[in-house]
Amino acid sequence: MSDTELAFVRSEEIPPAPPPASEAGAVKWMRENLFAGWFNTLLTILAIYIIGRFVVFAFPWFWNGVWDAGSIKECRDILSAAGKTTGACFAVLVDRWDHLLFGFKYPAEGYWRPTLAFIMLIFAAAPALFAQYVPRKFLIFTGLYPFIAFWLVWGGSLWVPLCILAAILATAYIFRVVENLDVGARGVLAGIVGAAAGLGLAFLLFQGATELWFISNSVGAGGALGTLASLLFKAASIFMFVFFIPMGIFVGYAIYNDAEDGGLVTVVTALFAIYVMLAYLLSPVSGALNAIIPIELQAVPSRDMGGYMLCLILGTVCVSLSIPLGIVLALGRQSNMPLIKGVCVVFIEFVRGVPLITLLFVANVMLAYFMPPQSNFDLILRVIIMITMFSAAYIAEVIRGGLAALPKGQYEAADSLGLNYTQSIRLIILPQALKISIPGIVNVAVGLFKDTTLVSVISMFDIVGMIRGPIQQSTDWISIYWEVYLFAAMVFFVVCYSISQYSQWLERQLATDHK
Amino acid sequence: MKKSVFLGALTVAGIAAGAAAAGTLDDVKARGKLNCGVTTGVPGFAEPDANGVWQGFDVAVCRAVAAAVLSDPEAVEFVPTTGKTRFTALASGEIDMLARNTTWTFSRDVDLKFEFTGVNYYDGQGFMVPKELGVTSAKELDGATVCIQTGTTTELNLADFFRANNISYEPVPIETGAEAVQQYNAGACDVYTTDASALAAQRANFEDPSAHVILPEIVSKEPLGPLVRHGDNEWADIVRWTLNALVTAEELGVTSVNLAELGGGSDNPEVNRLLGTEGDLGAMLGLDKEWAKRAIGVAGNYGEVFEKNIGESTPIGLARGLNAQWTDGGLIYSPPFR
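Line by line, the protein sequences are chains E and U.
1 is the number of the first residue of the first sequence in the numbering used here; add one for each residue after it.
1001 is the number of the first residue of the second sequence in the numbering used here; add one for each residue after it.
This is chain E alone, in the form it adopts within the complex (with noise of 0.2 Å):
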């Protein structure tokens, strides 16, 4: 028995050493990523200088930033006082706080209104943005939002918009109650129907060609192109003084001889309803409700609107409006109806060929032409009017790539499960074909959001407007510049970078994996 001990046996597993100090946390990533190689440590040195060169430039100038002044110059006599070189004037935020909010005539005790509008957009919003995380119970909420937010932003008699709310759906009672008929009360009614709208279209053809004719005779002033005007306003004029008795006769004949299949003249007598609830009900209803309960708020006029309100007002309304336009749009182009067709082709191109601000003049400027003076057609509408039609046109595009996109197995497939038109595009096309289009959606809304601030060329206060025109040009802020300018990136950075995070997001929840 040797007492000489056995050599080394190791007993246990020595444990995983860590890695040598170069191949680990910070240092290994930095050798990575910043000092990989001679080229890519040149260019970390140089962002690193250029990084710092930005804020030893631009860190005094937020820290020193003043909070409270009441003018450009005193704001300026504080900071030299304390004897600081630069220094931002953050006081004009605090002084144009509210104008640059919601305009400058928007009446201060009733901002909470357009405030609570905003929050409630939230939860209106949400069933439609989350539809698998919110019950659909709650789009009952969404239906009833631009109402209650119509009120609340421009005021007024509370029963206008629940009086436009009743003649909505008491049109809807009708297109049912008229879907529904017995084929010979439908011919009864497609008679009187047909007869009315043929007698209208006439007369305002007639209209029209009249009006034509009057633009011409002024429009031919001198010059080539005047003549020119002036000749082509009364071919159209002629052209329409002789087709304004047999268009009439026609569409009333075709709304008529419809009667059997229904569908035109359930939706011409729909048309017609709402045209006539909203033209000659809506206010002697509403007014003499008013009368007896009044519930109302301080109406502001649409002139009165202004500041960061404005935009989300059009960037909202005008996106909700042209998804579903921009819908129609792309289907219509590829329909297999001439007209249809042809309408839809003229519109899209016609809109996508000039620039948004052409529109936007014409909805300020030209519009008032055409109208007699003291006609009062909202400036607002005006506006989102035209953003609508040009942000449709491009979503129909983006939409069209998105149908294109779809395989023709998955058309025929519809066809051959025996679902009709109406269904298979429902259930089958639109789901995957929106699928495909949303980032082109979103990209086309994070624009048109943006292209909000061209109103402030027609006049309007929006956000810009109010920069560069009330606040810039006062005696207080006259030319104050950086500072509100990067505010307002900041509002909008917030707003287009949520939409398009929750795009990404959505595109994750969609994923199929159908690559």
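None of these hints come from the bench; they were simulated from the model.
Be aware that one or more of the hints could be misleading.
[Unchecked claim] Simulated pairs of lysine to aspartate or glutamate, DMTMM-like, Cα-Cα distance not exceeding 20 Å: (1) E/K84 to U/E1207; (2) E/K73 to U/D1049; (3) E/K84 to U/D1208; (4) U/K1084 to E/D451; (5) U/K1033 to U/D1288.
Once you've looked at the hints, dock chain U against the given chain E.
Only chain U this time, still in chain E's reference frame:
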């Protein structure tokens, strides 16, 4: 030119459509509000204050007309217009009058079919340079870079001036006044040129106003005044004589302080005619006797309005200069009230 003919023709269409309605005076009375076009903001001339109430030299003209016609200086709907939308807004009838730093020129008066009803401020284009350049006259600006707002008459005046003096310059086109100041202070241009009143207002708010000089040359005439549409002379008369009433009041020494006292009758027959205690000038305009008294009562006479909004005690700090009464060597002159 073709374009202006076309626009002019459209203007005619607008006027013809407007002529079918009643006269502007009746429209304004029926509406109970005067629609007055102003700028979206020019310091001292028209700007909404922190409470959103419009203030300024041009705004005072609107309020005076409203007081004369509607007896209420607050009965004005101020319609902000940009340089691009102002003329169509007036021609289409959206506004009843335009009081918006608009230069009275031949083509605007004749071709665009407007009626300038007087001049409430005589402006002219000037130059501002940093003092350290050591320039004392605009004629020494050979080869300078010049910040200039695009699409304005200042751009054309500048070209004329430099060509006439046979010197060269390099323009730096700028969109707004605030941007121009930013560029000028950052050294992107040696010279900043625009209306002298705007230069003074901008310079007053520089970090160091004394480091910049406004050169003595004024290279253009910019008579600014209110205007109305062609074709309604009664309305044009009202606007013209309301402005004249403010000017005459200063000449005759009628101020907001002694207005009530003089309104009871005085020894000066012209004061009496102006304030309606003698004669019946108001009825000739289609207004009552005290129209001018109310117009002056809003903010005082021309001189008081000037001092309050753009005078030497304000941050704008403009001297009367050309805008002094003719009796003090200026150009402000009203035809007599007789």
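Hints versus structure:
{"no.": "1", "hint": "E/K84 to U/E1207", "result": "12 Å, holds"}
{"no.": "2", "hint": "E/K73 to U/D1049", "result": "16 Å, holds"}
{"no.": "3", "hint": "E/K84 to U/D1208", "result": "14 Å, holds"}
{"no.": "4", "hint": "U/K1084 to E/D451", "result": "19 Å, holds"}
{"no.": "5", "hint": "U/K1033 to U/D1288", "result": "18 Å, holds"}
Violated hints are absent here; each numbered hint is respected by the structure.
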